[in-house]
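Participant: If you want the building blocks of each chain, they are given just below.
Protein chains: 2
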Amino acid sequence: MITNLGTSCPSLPSRKGLAILRVSVHHHREMSDDLTEGQSAVIPDGFVINLWQRGFGRTVGPFYSRRDLATNTETMAFRVEDYHANGMNNCHGGMLMSFADMAWGRVISNQREIGWVTVRLVTDFLSGAQMGDWVEGASEIISEIEDVFTVRGRIWCADRTLMTGTAVYKGNRSIRRKAGEREGRG
Amino acid sequence: MITNLGTSCPSLPSRKGLAILRVSVHHHREMSDDLTEGQSAVIPDGFVINLWQRGFGRTVGPFYSRRDLATNTETMAFRVEDYHANGMNNCHGGMLMSFADMAWGRVISNQREIGWVTVRLVTDFLSGAQMGDWVEGASEIISEIEDVFTVRGRIWCADRTLMTGTAVYKGNRSIRRKAGEREGRG
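If you're matching them up, the sequences are chains A and B in order. The letter at position 28 of the first sequence is residue 466 when you use this note's numbering, and the numbering goes up by one with no holes. The letter at position 80 of the second sequence is residue 518 when you use this note's numbering, and the numbering goes up by one with no holes.
Think of the hints as simulated: they come from the structure by calculation, not from any bench. Don't be surprised by glycine CBs; every beta carbon is placed ideally from N, CA and C. Heads up, some of the hints might be wrong.
[Claimed, not checked] Only some residues are given here: those of chain B computed to face chain A with a beta carbon under 10 Å:
1. A479
2. R492
3. F494
4. G525
5. N528
6. G532
7. S581
8. V606
9. I613
Kindly generate the complete structure, drawing on both the sequences and the hints.
Facilitator: Here is the structure:
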């Protein structure tokens, strides 16, 4: 199992923290319930899969998240697999930006419990993600003016920062969201 | 067929310009060679499909492109399908950003014939894309300092601008690219 994990991620979850994903969530590549290597690889302690059943989230997922109920913060994550590859067989920049849009907007769902749409996303690519890497992301609200939220976000793999950026989202208070609701509004 | 096309795209290709896509390019959703509605819908005159066989480009594609050999410019395009949907059943912002990364970087492949990686992408979301919309994108180089390229890009659907932005790419002159080479380096 460990051999499935990205060599560029030095800090692997402790054995006591290991959990194995047992469900097949979608069929990107084949009509088969077999798990891909990524889907059967180790999921770090505390992360649960987001069972998006449709749309872009299912197409490029699966995604995982770990919530800290004390601080009401959430970290999203995904495992880089072959279907995320760019021409150099690293994670495609488009996948990292798509993940940023989802992972950084989630703070609005969790802390304001409303829907949102993306207005502007600024992403700085600092380091690449390799096949098998476990990539995590989160953000914090740094400005809220009426229904316009500005968040500062980061995406990382273990101790390595892959992307930093700033996102502007427009909240939609007519869409009530429960904290941790899975379907993004990107 | 026309009913497959986005109602928010007023200017459809002229009948004389119609072409039907006859090949099935990948199997995102099912192991079936049937075309999805989007893949069997009308392809505007002059566009050819990019037959990416693997990776993220295949996962979220198919993509199309139309080259103007006189100006050595290229317009990329895709049809919004169910597997691009966000939670409101419009095109997910992550898909539009992924498309921007590919469509805006292509100018470097075409005009400098070298590989590239994304350094920074700034995307402003001006309007959404709906199911069935035919979305196009292109960019122009506005700065080139040694191997750092800055491009100004736009994504549109017919007369409607969906996204504008600026991207910074680092060229890699050790990777020789032919103009129009299909595999992105995002």
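Participant: None of the hints should be skipped; say for each whether it holds.
Facilitator: Do the hints match the structure? See the list:
no.	hint	result
1	A479	18 Å, violated
2	R492	7 Å, holds
3	F494	4 Å, holds
4	G525	4 Å, holds
5	N528	9 Å, holds
6	G532	3 Å, holds
7	S581	17 Å, violated
8	V606	9 Å, holds
9	I613	9 Å, holds
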